[in-house]
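Enquirer: Sequence:
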Amino acid sequence: MLIESSKIASHNDGLFKSHQNKLVFTVSEITETESIIQKLIDFQIAIPSWALGTGGTRFGRFPGGGEPRSLEEKIEDVGLLHALNNSSGAISLHIPWDIPTDYQAIKKLAAQHHLKFDAVNSNTFQDQATQEYSYKYGSLQNVNKAVRKQAIAHNIEVIQQGIALGSESLTVWLADGSCFPGQLNFRKAYHNTLESLEEIYSALPSNWKLFLEYKCAEPNFYSTTVADWGQSYSYVKKLGDKALTLVDLGHHLPNANIEQIVSLLLMEDKLGGFHFNDSKYGDDDLTAGALKPYQLFLIFNELVEGMDARGMNHAKDLGWMIDASHNVKDPMEDLLQSVEAIMVAYAQALSVDRKALEIAQEENDVVRAQEILQNAFRTDVRALVAEARLRSGAALNPVGLYRDLAVRQGLIAERGLKTVATGL
Numbered sequence: 104m105l106i107e108s109s110k111i112a113s114h115n116d117g118l119f120k121s122h123q124n125k126l127v128f129t130v131s132e133i134t135e136t137e138s139i140i141q142k143l144i145d146f147q148i149a150i151p152s153w154a155l156g157t158g159g160t161r162f163g164r165f166p167g168g169g170e171p172r173s174l175e176e177k178i179e180d181v182g183l184l185h186a187l188n189n190s191s192g193a194i195s196l197h198i199p200w201d202i203p204t205d206y207q208a209i210k211k212l213a214a215q216h217h218l219k220f221d222a223v224n225s226n227t228f229q230d231q232a233t234q235e236y237s238y239k240y241g242s243l244q245n246v247n248k249a250v251r252k253q254a255i256a257h258n259i260e261v262i263q264q265g266i267a268l269g270s271e272s273l274t275v276w277l278a279d280g281s282c283f284p285g286q287l288n289f290r291k292a293y294h295n296t297l298e299s300l301e302e303i304y305s306a307l308p309s310n311w312k313l314f315l316e317y318k319c320a321e322p323n324f325y326s327t328t329v330a331d332w333g334q335s336y337s338y339v340k341k342l343g344d345k346a347l348t349l350v351d352l353g354h355h356l357p358n359a360n361i362e363q364i365v366s367l368l369l370m371e372d373k374l375g376g377f378h379f380n381d382s383k384y385g386d387d388d389l390t391a392g393a394l395k396p397y398q399l400f401l402i403f404n405e406l407v408e409g410m411d412a413r414g415m416n417h418a419k420d421l422g423w424m425i426d427a428s429h430n431v432k433d434p435m436e437d438l439l440q441s442v443e444a445i446m447v448a449y450a451q452a453l454s455v456d457r458k459a460l461e462i463a464q465e466e467n468d469v470v471r472a473q474e475i476l477q478n479a480f481r482t483d484v485r486a487l488v489a490e491a492r493l494r495s496g497a498a499l500n501p502v503g504l505y506r507d508l509a510v511r512q513g514l515i516a517e518r519g520l521k522t523v524a525t526g527l
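The sequence shown begins at 104 in our numbering and counts up by one.
Keep in mind that the hints are not guaranteed to be accurate.
Unchecked claim - In silico EDC-like pairs for lysine to aspartate or glutamate, Cα to Cα no more than 16 angstroms straight-line:
1) Lys340 - Glu362
2) Lys341 - Asp387
3) Lys458 - Asp468
4) Lys373 - Glu362
5) Lys419 - Asp372
6) Lys312 - Glu271
7) Lys248 - Glu175
8) Lys210 - Glu271
9) Lys312 - Glu362
10) Lys211 - Glu260
11) Lys345 - Glu321
12) Lys419 - Asp230
13) Lys345 - Asp420
14) Lys373 - Asp344
15) Lys341 - Glu271
16) Lys373 - Asp331
17) Lys210 - Glu176
18) Lys458 - Glu135
19) Lys345 - Glu316
20) Lys419 - Asp205
21) Lys432 - Glu362
22) Lys252 - Asp230
23) Lys239 - Glu321
24) Lys345 - Glu371
25) Lys341 - Glu321
26) Lys211 - Glu235
27) Lys458 - Glu474
28) Lys340 - Glu316
29) Lys219 - Glu271
30) Lys345 - Asp230
31) Lys210 - Glu175
32) Lys219 - Glu260
33) Lys345 - Glu302
34) Lys373 - Glu321
35) Lys340 - Glu371
36) Lys340 - Glu301
37) Lys312 - Glu301
It should be emphasised that the hints constitute simulated quantities derived from the structure, not laboratory data. As the structure is a computational prediction, the values presented were derived from the model and not from experiment.
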């Protein structure tokens, strides 16, 4: 399903006057708006292939209809999102859920939708029908060397898949850990994992990166072998320059200061990228910015400050991706909302008066420092985000146009009501 540019133009025409009025006011409130708008145009957030279907919990899953039945349809869905917001120009594949049968045809299809292939993701947290050994007691940490070898071989295969697609990074998330005291030896589990990662790392092409994700709990609830940013940092520091830590916003214990974690990893040149989502109780994978928009802004505040201090390119030097589950929402609408929230937080962070904030910090003016940040957060920057979309040929109101065009109903008519996205 394609969205014609004429329909986007017609949609924008109907909203243009109202948008211009909002933009004029926003420009009067914020300096250097042209620079902010250009950064927003350049900024792209990868969509994970597994987020295009309805999510669920261990209690049940309620598919919404019209879900993508193949990798080709997942690419088409991301293409729809990108046409609507021009900020979703990459797709991240999960292997073996999304193995292409014809790499050239898949690359051609992605190019038709103006998409690139972001990080490829390995999967050693599920058993596949074709594998010889089970990951029930871990993969890269497993006490059985044959299991570790199987997991290593899978990750190397994923790298080869990524090379064929033009990807340049591998994301490793491990479910490894233990459910009960005494189940495993912590030190041996660490060393087994490190040795396994070293073999995977040695298979990386020279221009590739390895992102090591961490998670405090689940599916194991007593210990996790890569449980927090410190443990991830410990591994990637030992592996080498191409190994970096990946931060998932839902993978922390309650009240963790994620913005401080981000700052320190940037300082140590070990921050690789993000999985954006939001949470209330745990790894909820909710719409980004739905519950904690101020935290999202504070994270971006540290990102902008830290990346500028290191002379980094905001759009290219870190990996930006959503990781979400849409249990009761249309996945496409949810993803559009997440991208919007991320872009708003980024624009707010770009609007912070850095010089004034630095002076306040140097003078220990706590009240002034707080006012500077909160004023930036409370300033409505949505007109700047919309202007960036307008200038790049996307929709002023992506969710509104999605609904006006009845996209989900069209997908149901094309694919059926009972389809279930692959990989879920």
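Enquirer: Does Lys210 pair with Glu176 here, judged by a C-alpha cut-off of 16 angstroms?
Expert: With a Cα-Cα distance of about 13 angstroms, the restraint between Lys210 and Glu176 holds, given a limit of 16 angstroms.
Enquirer: What's the verdict on Lys345 and Glu316, does the C-alpha distance respect the 16 angstroms limit or exceed it?
Expert: Within the cut-off at roughly 14 angstroms; holds.
Enquirer: Between Lys345 and Glu302, is the straight-line Cα distance small enough, at 16 angstroms or below?
Expert: holds, 13 angstroms
Enquirer: Take the C-alpha atoms of Lys345 and Glu321, compute the straight-line distance between them, and say whether it is at most 16 angstroms.
Expert: violated, 27 angstroms
Enquirer: Please work out if Lys219 and Glu271 have their alpha carbons no farther apart than 16 angstroms.
Expert: holds, 11 angstroms
Enquirer: Is the Cα-Cα distance between Lys210 and Glu175 16 angstroms or less?
Expert: holds, 10 angstroms
Enquirer: Compare the distance between the alpha carbons of Lys312 and Glu301 with 16 angstroms, and conclude whether the hinted pair is satisfied.
Expert: holds, 13 angstroms
Enquirer: Lys340 and Glu362: Cα distance at most 16 angstroms?
Expert: Status violated; Cα separation ~20 angstroms.
Enquirer: Taking only the CA atoms, is the gap from Lys219 to Glu260 under or equal to 16 angstroms?
Expert: violated, 20 angstroms
Enquirer: Would the hint linking Lys458 and Asp468 be met if the CA-CA limit is 16 angstroms?
Expert: With Cα atoms ~13 angstroms apart, Lys458 and Asp468 stay inside 16 angstroms; holds.
Enquirer: Check whether the Cα positions of Lys211 and Glu235 lie no farther apart than 16 angstroms.
Expert: Not satisfied, since the Cα-Cα distance of roughly 34 angstroms exceeds 16 angstroms.
Enquirer: Does Lys345 pair with Glu371 here, judged by a C-alpha cut-off of 16 angstroms?
Expert: holds, 13 angstroms
The structure fails to meet hints 1, 2, 7, 9, 10, 11, 12, 15, 20, 21, 25, 26, 30, 32, 34 from the earlier list, while all remaining hints are met.
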